[in-house]
Amino acid sequence: DVHLVQSGGGLVHPGGSLRLSCAASGFSFSSYEMNWVRQTPGKGLEWISYVGSSGSPVHYADSVKGRFTISRDNSKKSLFLHMNSLRVEDTAVYYCVEDWFHYDSDGPKRSDYWGQGTLVTVSS
Amino acid sequence: QAVVTQEPSVTVSPGGTVTLTCNSSTGAVTSGDFPNWIQQKSGQAPKTLIYSTANRHPWTPARFSGSLLGGKAALTLSSAQPEDEADYYCLLYFGGPHPWVFGGGTKLTVL
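As they're listed, the protein sequences go chains A and B.
Taking the numbering used here, the leading residue of the first sequence gets -14, the next gets one more, and so forth.
Taking the numbering used here, the leading residue of the second sequence gets 20, the next gets one more, and so forth.
If we strip away everything but chain A, and leave its shape as in the complex, we get:
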């Protein structure tokens, strides 16, 4: 079974930094692309960052570009999100999500597996 266990998060002041971690198990982590998705309180889901299976390429939503950095350590089956220059509007639950791209008898398929989420609160 796929398991994505997240850690990090918490309360931070505006302008501060935080690192989120996501430990993967139950699948060949180094073979799959990974993403971070966030959900602000009472709102919908927002994709914020992507990393290829080997660590590149990386992509970011405009809302976090230049402030957040996604990375992974395939030897440790871990995904990270380094968040700098945090703003009040970055307050959200952050989810680590695996992009399960695979082939079956009907051709290519794509699904996603989600971590449990971690709350980041940016407040003075």
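Straight-line alpha carbon distances no greater than 30 Å define the calculated BS3-like cross-link-like pairs of lysine-lysine that follow:
{"hint": "1", "chain 1": "B", "residue 1": "K66", "chain 2": "A", "residue 2": "K94"}
{"hint": "2", "chain 1": "B", "residue 1": "K60", "chain 2": "A", "residue 2": "K94"}
{"hint": "3", "chain 1": "B", "residue 1": "K60", "chain 2": "A", "residue 2": "K28"}
{"hint": "4", "chain 1": "A", "residue 1": "K62", "chain 2": "B", "residue 2": "K66"}
{"hint": "5", "chain 1": "B", "residue 1": "K66", "chain 2": "A", "residue 2": "K50"}
{"hint": "6", "chain 1": "A", "residue 1": "K61", "chain 2": "A", "residue 2": "K50"}
{"hint": "7", "chain 1": "B", "residue 1": "K91", "chain 2": "B", "residue 2": "K60"}
Think of the hints as simulated: they come from the structure by calculation, not from any bench.
All values reported here derive from a predicted model rather than from experimental measurement.
Place chain B on chain A using the hints.
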């Protein structure tokens, strides 16, 4: 970047059937967009029910089905149960520098 739209809220009676839809600003949704349907119950993490248009995960009740309907992705719930009350998000895959785009979600009420 594409905009993905869903009905904001839908109500279904217990035992009834309802279809939620997912529309893309770029044109017709196709299987190549790998539409996924994600359920999020109150206070819980999201969980994908339907992937790549019409495929169920082992945990997905058979009363949920996915399809393409009139240029949109569709999630049909047959014989709705009270426990199906949740937010449902559509996710489309576009690749490139903004690979994933979520719909705004549909709040499904079973009443």
